[in-house]
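Protein chains in written order, with my numbering: chain X, 67 to 301; chain R, 67 to 301.
It should be emphasised that the hints constitute simulated quantities derived from the structure, not laboratory data.
All values derive from a computational prediction rather than experimental measurement.
Note that CB positions come from ideal geometry on N, CA and C, so glycine has one too.
Hints may contain errors.
Just a few of them, taken from the derived set where beta-carbon distance is under 7 angstroms, the chain R residues facing chain X [stated by the list, open to error]:
(1) Pro-117
(2) Ala-200
(3) Asn-211
Per the computed footprint, the stretches of chain R lying under chain X, defined by three or more beta-carbons under 8 angstroms from a beta-carbon of chain X, are [stated by the list, open to error]:
(4) 96-109
(5) 164-171
(6) 174-185
(7) 190-198
(8) 201-210
(9) 281-290
There are 2 protein chains.
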Amino acid sequence: MSGRLFGIGVGPGDPELLTLKAVRLIADSPVIAYPAPAGGAESMARQIAAPHIPSGKTEIVIETPMIPGQFPANDIYDRYATEIATHLNAGDDVAVLCEGDPFLFGSFMYLFGRLSADHPTEVVPGVSSLGACAARAEVPLVSRNQVLTVIPAPIEEAELERRIAGSDAVAIMKVGRHLAKVQRVLEKLNRIDDATYVERATLDNEVVMPLAEVTAEAAPYFSMILLRTSEASDA
Amino acid sequence: MSGRLFGIGVGPGDPELLTLKAVRLIADSPVIAYPAPAGGAESMARQIAAPHIPSGKTEIVIETPMIPGQFPANDIYDRYATEIATHLNAGDDVAVLCEGDPFLFGSFMYLFGRLSADHPTEVVPGVSSLGACAARAEVPLVSRNQVLTVIPAPIEEAELERRIAGSDAVAIMKVGRHLAKVQRVLEKLNRIDDATYVERATLDNEVVMPLAEVTAEAAPYFSMILLRTSEASDA
Numbered sequence: 067m068s069g070r071l072f073g074i075g076v077g078p079g080d081p082e083l084l085t086l087k088a089v090r091l092i093a094d095s096p097v098i099a100y101p102a103p104a105g106g107a108e109s110m111a112r113q114i115a116a117p118h119i120p121s122g123k124t125e126i127v128i129e130t131p132m133i134p135g136q137f138p139a140n141d142i143y144d145r146y147a148t149e150i151a152t153h154l155n156a157g158d159d160v161a162v163l164c165e166g167d168p169f170l171f172g173s174f175m176y177l178f179g180r181l182s183a184d185h186p187t188e189v190v191p192g193v194s195s196l197g198a199c200a201a202r203a204e205v206p207l208v209s210r211n212q213v214l215t216v217i218p219a220p221i222e223e224a225e226l227e228r229r230i231a232g233s234d235a236v237a238i239m240k241v242g243r244h245l246a247k248v249q250r251v252l253e254k255l256n257r258i259d260d261a262t263y264v265e266r267a268t269l270d271n272e273v274v275m276p277l278a279e280v281t282a283e284a285a286p287y288f289s290m291i292l293l294r295t296s297e298a299s300d301a
Numbered sequence: 067m068s069g070r071l072f073g074i075g076v077g078p079g080d081p082e083l084l085t086l087k088a089v090r091l092i093a094d095s096p097v098i099a100y101p102a103p104a105g106g107a108e109s110m111a112r113q114i115a116a117p118h119i120p121s122g123k124t125e126i127v128i129e130t131p132m133i134p135g136q137f138p139a140n141d142i143y144d145r146y147a148t149e150i151a152t153h154l155n156a157g158d159d160v161a162v163l164c165e166g167d168p169f170l171f172g173s174f175m176y177l178f179g180r181l182s183a184d185h186p187t188e189v190v191p192g193v194s195s196l197g198a199c200a201a202r203a204e205v206p207l208v209s210r211n212q213v214l215t216v217i218p219a220p221i222e223e224a225e226l227e228r229r230i231a232g233s234d235a236v237a238i239m240k241v242g243r244h245l246a247k248v249q250r251v252l253e254k255l256n257r258i259d260d261a262t263y264v265e266r267a268t269l270d271n272e273v274v275m276p277l278a279e280v281t282a283e284a285a286p287y288f289s290m291i292l293l294r295t296s297e298a299s300d301a
């Protein structure tokens, strides 16, 4: 009988923001897998879950090359899916740790696509960086009947401008080396003063500040810019 | 010294999807507050958190009239903010339970706006219905550099159509009595076959089905429609 595959959202960073279900499934699964940049740098997902990973687990590091502007090649996920399937076929449950929520820009979907047809699979939602950044910035994402647009910063500049211009409320994710581009677009739209910059929300080295005051040339991958139009009715 | 005000996301429904932090703060706060429809119907937020609420708490039911097409009047939040402030001023911590995530369409923002200037306040993010519905529908929300648009179903039909037409991936929230309108718009855009309907995600009476097969005239408030365009690169 196949083991079960779990895609587990471990939340935005604070280990206390794991769900009870995540903690239980991590404790019960003999095999734990998590993404990490190729080359030996630490896995963010593992770091977040670390206090909840009992010793003695088999661990699979899903090493993915981090090349700016590129997504990992399919054969990487083919290879790790095969490795994970070996454990599932042996009857062992495998818990794949995912930063934030597994199905909001998570790479777990690539393993899900390769394994869920043949193995019982469950996606366990987690606290996403969206809610976490809004909480830490003390900026509600959306209220009443506002529309929220979630935009990955790497999209092309004209498209970024078009998307922001048409939106009530915006969360710009994956800011990284696209920081200057986002600042430029918001300056042009005359909305930079409505924007809040959040870096590593809920972690010890968290940064929250008005975007207009950010002078760095690049941001970490785990950063977000929130833009909101207050409604008169918000009060 | 003032007590602390916590806005606590209790997640989408399954009590095991509370975070460790939510459980701790609920246990430690002598006063628990939560929204409920006026007239005595049960509070969804309290129901979700119920297994984690120790006995002996002071409980404040934030009763809000549920009138289709209207938002509760400001004086309701004025009144409850005053009641909560009484406890904070007495030095007691108050935990306000919020369905899903507090800052994604949550009414906690109205208490936050009235109380956070005078009392230490912390927003504790929770698992939002967005991630939960995607997990249960087994439909990733967005991948790679797709833009996600989160749309409240009550917006005007032409605007709904315009928003959906321009989006890669869409989550339509607060479906309720707007179900037929959403179906009509998706039929017109020839996208109804890409849409999944999710009702009461992660609860025992959860429903997940293709939107095209939904024949009900209205949906519960806690329902969502997910629409996604697969990218060739998703594989």
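Cross-check of the supplied hints:
no.	hint	in the structure
1	Pro-117	violated, 10 angstroms
2	Ala-200	holds, 4 angstroms
3	Asn-211	holds, 5 angstroms
4	96-109	violated (count 0)
5	164-171	holds (count 5)
6	174-185	holds (count 5)
7	190-198	holds (count 8)
8	201-210	holds (count 9)
9	281-290	violated (count 0)
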